[in-house]
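**Student:** Residue numbers (my numbering), protein chains in the order written: chain Z, 1 to 266; chain S, 1001 to 1449.
Bear in mind the hints are in silico, worked out from the structure with no lab data behind them. Mixed in with the good hints, there may be bad ones.
Calculated cross-link-like contacts (lysine-lysine; reagent style DSS-like; alpha-carbon spacing at most 30 Å) [said to hold, decoys possible]:
no. : chain 1 : residue 1 : chain 2 : residue 2
1   : Z       : Lys156    : S       : Lys1445
2   : S       : Lys1445   : Z       : Lys97
3   : Z       : Lys94     : Z       : Lys215
4   : Z       : Lys178    : Z       : Lys156
5   : Z       : Lys97     : S       : Lys1183
6   : Z       : Lys94     : Z       : Lys52
7   : Z       : Lys215    : S       : Lys1183
8   : Z       : Lys178    : Z       : Lys97
9   : S       : Lys1218   : S       : Lys1240
10  : Z       : Lys52     : Z       : Lys215
11  : Z       : Lys178    : S       : Lys1183
12  : S       : Lys1240   : S       : Lys1220
13  : Z       : Lys156    : S       : Lys1183
14  : S       : Lys1170   : S       : Lys1183
15  : Z       : Lys94     : S       : Lys1183
16  : Z       : Lys97     : Z       : Lys156
17  : S       : Lys1283   : Z       : Lys156
18  : S       : Lys1445   : Z       : Lys94
Incomplete in silico selection of chain Z near chain S, CB under 10 Å [as the list claims (entries may be wrong)]:
no. : residue
19  : Phe25
20  : Asp92
21  : Val116
22  : Ile147
23  : Gly169
24  : Ser171
25  : Glu207
Note that CB positions come from ideal geometry on N, CA and C, so glycine has one too.
So the chains spell out like this:
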Amino acid sequence: MSKLVQIFSSRRTWAWPYILFMAMFVVLPLVLVGVYAFTDINGQFTLHNFTKFFTHSEAIQTFLYSLMIAVFNTSICLLIGYPAAYIMAQEDFKTPKVMAMLFILPMWINFLLRTVATVELFNMCGLPLGEGALLFGLCYDYLPFMIYPIYNTLQKMDNSLVEAAQDLGASRWQSFWKVIVPLSMPGVYSGIVMVFMPTVSTFAIAELLTHNNIKLFGSLIQDYITTTDLLNYGAVLSLVLLIIIGLTSFFGDHDSEGDEKGGGLV
Amino acid sequence: MRVDRFTIVFCLLAFALCPVSAQSNITYPLHIGTTGEVALLTDFPESYAGEKVNIRIETQALSRNIEDLDFIFADTPQPQLAAWGDSIYSYTDEADMTWTVWCKHHKDIKNRSKRVLVGNAYAAFEQYLYTHSGMAGRRYGWIWWLFAGLLLVAGLVYGGWIIYERHEEKRLTPVEQETLRRKRMGMRRHYGSQLYLWLLLIVLYAPIALIAVFSFTKSKILGNWTGFSLDLYANLFTGKADAGLNSAIWYTVVIALVAAVCSTILGTLAAIGMYNMRARHRKTISFFNSVPMINPDIITGISLFLLFVALGISQGLATVCIAHVVFCTPYVVLSVLPRLSRMNPNTYEAALDLGATPAQALRMVMLPELWPGMLSGFILALTLSVDDFGVTFFTKGSGGLETLSTFIYSDARKGGLTPELRPLFTIILIVMLAVLIYINIRNNKQQND
């Protein structure tokens, strides 16, 4: 009994329930995605699903198209979001907190409902639903994810660096490109990761915004994984997505470490 | 004359905006909802050929593929438009959304699919143009013209102002000109950035405003104003709304509470445990902790779906709760950890030395210090759980369990939205706005004190 008390009073053991939980519901499921991808419907090892993917032109095309849409969406979000974050982070901007909250508030309305309302808005304006509507809707949904991290890094930035640059004769434009932009890169990277990854995998938004005329990779995965016979093929598609996610987050991770180091110095 | 940078940007923006959609030549489905009276009938009554039929239209159509549809009919009794539909024509009595349809050629309907799209004259005609001519003239709605007009007026006013400024400047000495220019540059920068932010906010809030405005009318279709009414609010609160919606609200609340409570307990314990581990172990665990955060919801959902399939667990309320705990707990861990590192690590040991049991020490020493982190983790978990769609979608099983997100999704796929969703989310928005204003006022007070 006293041994039991001893075990529980060591606070290290308090993490064990969570570790077990994660092993069961985080690690094991991800391993299962791989297992299902390499097996056929009877549980036998096979590479058939992979060869099917590489010869399945619809899947490849959808995949490339989704990647393109995600890249477009991320760039649009960056182009729109960076100036917004920059303006909010200016010292003479009076109500940055309110503004930041105003940008986040729409996220409290269910995104599917907002998407349906966007479709309705496009109809009221007489605008067609299609690629344009899809990009608008995606950008609309993920813009706050871009603004927030950039705003955070810009706000934490030491303003005296900009002043120093200007004292040393840099123009406003030069000090922006040579000082502010490089220093805000960690925020930009995490913004890119936060927008890119959900866009690649989105499935419901595209379906609603284009009346299912444009298919993204997420919808394709959804179609296959919910069909019992094609579950293994769906697992292959998920695995492909997982690899993309891994690569992107590795790219993002690399830079967030730099962020921590930078934070340590200051 | 020096060309102003802002003017260039402004003109480019205006030029870029206007032709964007005019040039797009994607053929798209019927302007569904443009006129608000389009509906999809999946089961067309076969036995009524040549007779007058009353059909109750449940929802607005959201056609999955226009190719699926065989007939498009006009709602006006005008023969030339109805003739295109070739088989029937109909008209609507808008008040109760009952459509009257005459079938002329029953054979056509029977031989082909039974799916019939009933639209009004304008929409049907436009669809005809799109499918047959390929060079249909697009008609922009009034909102579009309003935006375009405002943009044009703003551009003209701005341009005029610039010209006036230049004209005024000529009267001044060079030094005065320089100071004035600098002052104006600053002003322009200030107002320009304000304008930019507010324009963004207007675009961001436009769809939400649409929901809020149309929550005050009885119409079943979003975008169709049938006069001011509070009926939808009354329906929502008296439970007269769709039964599916009521159960979806309950399930959402129950799942969110269960998931948030479980993940707060699990996450707090995990954070305490991780904090006391060796750095190497802590890093490994925090890597795995970040996996559900990095994974998009579709991957989390699918991987859990595969787990439940592999284990043969039937999916339902329990699996959805587990799935929600999976993606909520990491956020709790991350909001509790900073609190721990700010806390004096020796107080817990001191409590044990003074004779407290671990449970007592946890309750009386740790919790008072940790609760702000736990609370923010709890709130974050609630938010994430309520908002989640992807994970719920794959783990809810086929037993008819729906949360608000999945309910909206299946509703939108069927066509249209349950009208009571509009007041529901308007209330949520107003509550959140009130909380925001309250926090802001309190912060201002604290700053002033």
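**Student:** None of the hints should be skipped; say for each whether it holds.
**Tutor:** For each hint, the structure was consulted:
In summary, the hint linking Z:Lys156 to S:Lys1445 is supported, as the alpha carbons are separated by about 24 Å, within the 30 Å threshold. Annotation: proposed proximity of S:Lys1445 to Z:Lys97 holds, straight-line Cα distance about 14 Å (limit 30 Å). At roughly 43 Å between alpha-carbon atoms, Z:Lys94 and Z:Lys215 are farther apart than 30 Å, so this suggested pair is violated. A threshold of 30 Å between alpha carbons decides the hint, and for Z:Lys178 with Z:Lys156 the separation of about 17 Å falls inside it, so the pair holds.
The straight-line distance between the Cα atoms of Z:Lys97 and S:Lys1183 is roughly 27 Å, inside the 30 Å bound, and the hint therefore holds. Annotation: proposed proximity of Z:Lys94 to Z:Lys52 is violated, straight-line Cα distance about 57 Å (limit 30 Å). The hinted pair formed by Z:Lys215 and S:Lys1183 fails the criterion: a straight-line CA distance of about 52 Å is larger than 30 Å. A threshold of 30 Å between alpha carbons decides the hint, and for Z:Lys178 with Z:Lys97 the separation of about 27 Å falls inside it, so the pair holds.
At roughly 14 Å between alpha-carbon atoms, S:Lys1218 and S:Lys1240 fall within 30 Å of each other, so this suggested pair holds. Annotation: proposed proximity of Z:Lys52 to Z:Lys215 holds, straight-line Cα distance about 19 Å (limit 30 Å). Our distance criterion of 30 Å between C-alpha atoms is met by Z:Lys178 and S:Lys1183, whose separation comes to about 25 Å. For the proposed pair S:Lys1240 and S:Lys1220, the alpha carbon gap of about 14 Å is at most 30 Å, so the pair holds.
Between Z:Lys156 and S:Lys1183 the alpha-carbon distance is near 28 Å, which keeps this suggested pair within the 30 Å criterion. Taking the CA atoms of S:Lys1170 and S:Lys1183, the gap is near 16 Å; set against the 30 Å cutoff, the hint holds. A hinted pair counts as satisfied when its Cα atoms are at most 30 Å apart, and Z:Lys94 with S:Lys1183 qualifies at roughly 19 Å. The hinted pair formed by Z:Lys97 and Z:Lys156 meets the criterion: a straight-line CA distance of about 14 Å does not exceed 30 Å.
Using a Cα cut-off of 30 Å, the hinted pair S:Lys1283 and Z:Lys156 holds, with the two alpha carbons roughly 26 Å apart. For a cut-off of 30 Å, the pair hint linking S:Lys1445 to Z:Lys94 stands: about 15 Å separates their Cα positions. About 5 Å separates the beta-carbon of Z:Phe25 from the nearest beta-carbon of chain S, less than 10 Å, and the hint is met. Hint on Z:Asp92 holds. Least Cβ distance to chain S is approximately 8 Å, under the 10 Å limit.
Given the 10 Å rule on beta carbons, the hint for Z:Val116 holds: about 5 Å separates it from the nearest Cβ of chain S. The beta carbon of Z:Ile147 is positioned within 10 Å of a beta carbon in chain S (closest approach about 9 Å), and the interface hint is therefore held. Proximity of Z:Gly169 to chain S is violated relative to the hint, the smallest CB-CB distance being about 18 Å (cut-off 10 Å). Against a cut-off of 10 Å between C-beta atoms, the interface hint on Z:Ser171 is violated, since the closest Cβ of chain S lies about 13 Å away.
Taking 10 Å as the C-beta cut-off, the interface hint given for Z:Glu207 holds, the closest approach to chain S being about 8 Å.
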